[in-house]
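Q: Each residue of the sequence shown is one higher than the last, beginning at 1 in the working numbering.
The hints are simulated quantities; they were obtained by calculation from the structure and are not laboratory data.
It is possible that some hints are incorrect.
Said to hold, decoys possible - Once the Cα atoms are required to be at most 27 Å apart in a straight line, the calculated DSSO-like pairs of lysine-lysine come out as:
#, residue 1, residue 2
1, K128, K254
2, K262, K285
3, K191, K174
4, K18, K136
5, K285, K137
6, K69, K137
7, K137, K8
8, K18, K95
What the hints assert, rightly or not - So the derived label-pair ranges between C-beta atoms look like this:
#, residue 1, residue 2, range
9, K69, K16, 38 to 46 Å
10, E214, V59, 26 to 34 Å
11, N117, F91, 31 to 39 Å
12, L6, L195, 35 to 43 Å
13, Q30, E5, 29 to 37 Å
For glycine and all other residues, C-beta sits at the position ideal for the given N, C-alpha and C.
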Amino acid sequence: METTELLKRVRRIEIKTKGLSRQIFSGEYQSAFKGRGMSFSEVRGYQYGDDVRNIDWNVTARSNEPYVKVFEEERELTVMLLVDISKSSFFGTTKQLKNELITEICAVLAFSATNNNDKVGLLLFSDKVEKFLPPKKGRGHILRIIRELLDTRPTGTGTDIGMALTYFTNMVKKRSICFLLSDFLTDGYEKPLRLAARRHDLIGMHLYDPRERELPAVGLIHARDAETGQMQWVDTDSRRVRKHYADWYNNNMKYQKSAFQKSGADSMSVETTEDYTKALLRFFKGR
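All chains, please: the whole structure from these sequences, using the hints.
A: Set out below in structure tokens:
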């Protein structure tokens, strides 16, 4: 993308999403996430009513007296955006592509975080890590995140959510709020998801186009697989073909739902045709 056009698009997204984050989401973001991050402060003697889960067994064993760990609220949080930019994200049959929707949602989340003095980091992935920006504060950093979302094209040829989660877990040691944005049209990430959710407050955001759920009957079409580039003829009038397509989508969604439930992580879905502001508000208020 030409630099001038890129800067114009960054500015348009900033104007739209910065306003939304200030007018609508800042209060919801704060109530949904502030107070969830806790850091270790000290140990003290056990008192009646203390949570036994906070007992420091090492200190207790050395002193022969029960001691508990004391935690304090972390006023500054870290927000990580893990974004699937595999080639299937550059798909859309409605008013916007999936990756355009992802960019706007990421911008809203990033500006909401920075309005609350939190750091924001970015990890872009396909079947490999395409870009990693460590968490930082400030408008300039948020604008760079938007530029990378708009301008980075995948060099990988597939999607590997498990690999991205493993990389994230290894790179970000401090507990963070992690938004994982993907169409989740893959599997094999249950274990890395569970490990990441143990350490971080992890939220999966499923972004999808309505045509991904159901193939329309429009006759014989010459279709290209977005990730492999393979071309093939598809008879969309065939009920068997349409059922196979729908089953593939539904199986991926069942896997995603099961994986998130088992990990204890939250998840939500946003269709490219709906108002994502309403979907985000429902999610924030539900927390």
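Q: Can you give the numbers of the hints that this structure goes against, from lowest to highest?
A: Hints 6, 10 not satisfied by this model.
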